[in-house]
Amino acid sequence: MRKVSNRNFIIILAFLVGIVGGLMASVLKRLTHFIATSIQNDIDWKLKYSLYLVFPLIGILLSVLFVRKFIKGKKIEHGITPIIYAISRKGSRLDPSNIYSQVVTSAITVGFGGSCSLEAPVALGGSSIGSNIARFFGLQNKEVTMLLACGAAAGIAGAFNSPLAGMIFAIEILLPEFSIPVFIPLLISSAMASVVSRLLYSEPLFTNFNSYWQVSALFFYLLIAVLIGLYTVSFARVSVVVNQWFRKIKNP
1 MRKVSNRNFI IILAFLVGIV GGLMASVLKR LTHFIATSIQ NDIDWKLKYS LYLVFPLIGI
61 LLSVLFVRKF IKGKKIEHGI TPIIYAISRK GSRLDPSNIY SQVVTSAITV GFGGSCSLEA
121 PVALGGSSIG SNIARFFGLQ NKEVTMLLAC GAAAGIAGAF NSPLAGMIFA IEILLPEFSI
181 PVFIPLLISS AMASVVSRLL YSEPLFTNFN SYWQVSALFF YLLIAVLIGL YTVSFARVSV
241 VVNQWFRKIK NP
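Under the numbering used here, the residue at position 195 of the sequence shown is numbered 195, and the numbers go up by one with no gaps.
If you are wondering where the hints come from, they were derived from the structure by calculation, not from laboratory data. Using N, Cα and C, we set each Cβ at its ideal position, and we do this for glycine too. Mixed in with the good hints, there may be bad ones.
Subject to a maximum C-alpha distance of 30 Å in a straight line, what follows is the list of computed BS3-like cross-link-like pairs (lysine-lysine) [to be verified]: (1) 248 to 90; (2) 250 to 90; (3) 142 to 69; (4) 3 to 250; (5) 90 to 69.
Cβ pair distances, simulated, as ranges [to be verified]: (6) 224 to 183: 25 to 33 Å; (7) 11 to 249: 26 to 34 Å; (8) 183 to 213: 25 to 33 Å; (9) 248 to 93: 27 to 35 Å; (10) 1 to 224: 49 to 57 Å.
All chains, please: the whole structure from these sequences, using the hints.
Listed below in structure tokens is the structure:
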């Protein structure tokens, strides 16, 4: 820190955040595939397919047991909201336990067939990486926020091999006051995470069955975009209602 300028030091840390974020993403992908493959292919049992409705419940139970056993006394956060709240109210501080808790619980849940996305866990885990690396070196609040966004971009880029999507997410959601100097660290973290993740575990999380699109189907693309937009609104509202119902249950 004494030998280089502050700008160059941020770039160096962006490389570091990208490397660690890519490592986290590769672990998440490998663990998720290992669990799913073990259940679907490695277990040779006649009643296996009749228990597919039970497997998601097993995954949720294992996730809860992991949280209660290894994350004692800490509130497990989920979704994008904790990241935004940390930026606005907590000086971009995120608990380091998010790094491994998000990987383990989401991999178990999804691996066992739970209806859960991996975008939010990798974004929250990556944000925790960037936040804690910045805090370790005693950076100021603005720089901590920048590296937090770099971590979120790195997590998404490494998990889904999509550095551009990671950058857009960080710029649109986490950095409303975007400036050109922020672009370079985000680009470095996203690209580095994608490279590291592909080197360590190149198999994608999801298989894309169609890699091209047709102009004649443009109407259907627009139609499905409208339908999905309406669905996301209804999903968010239903999630809030269900969450309120479960909060009324006091006994874990």
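Outcome of the hint check:
no. : hint                   : result
1   : 248 to 90              : holds (27 Å)
2   : 250 to 90              : holds (27 Å)
3   : 142 to 69              : violated (35 Å)
4   : 3 to 250               : violated (54 Å)
5   : 90 to 69               : holds (27 Å)
6   : 224 to 183: 25 to 33 Å : holds (32 Å)
7   : 11 to 249: 26 to 34 Å  : violated (48 Å)
8   : 183 to 213: 25 to 33 Å : holds (28 Å)
9   : 248 to 93: 27 to 35 Å  : holds (30 Å)
10  : 1 to 224: 49 to 57 Å   : holds (50 Å)
Hints 3, 4 and 7, counting from the list given before, are not met by this structure.
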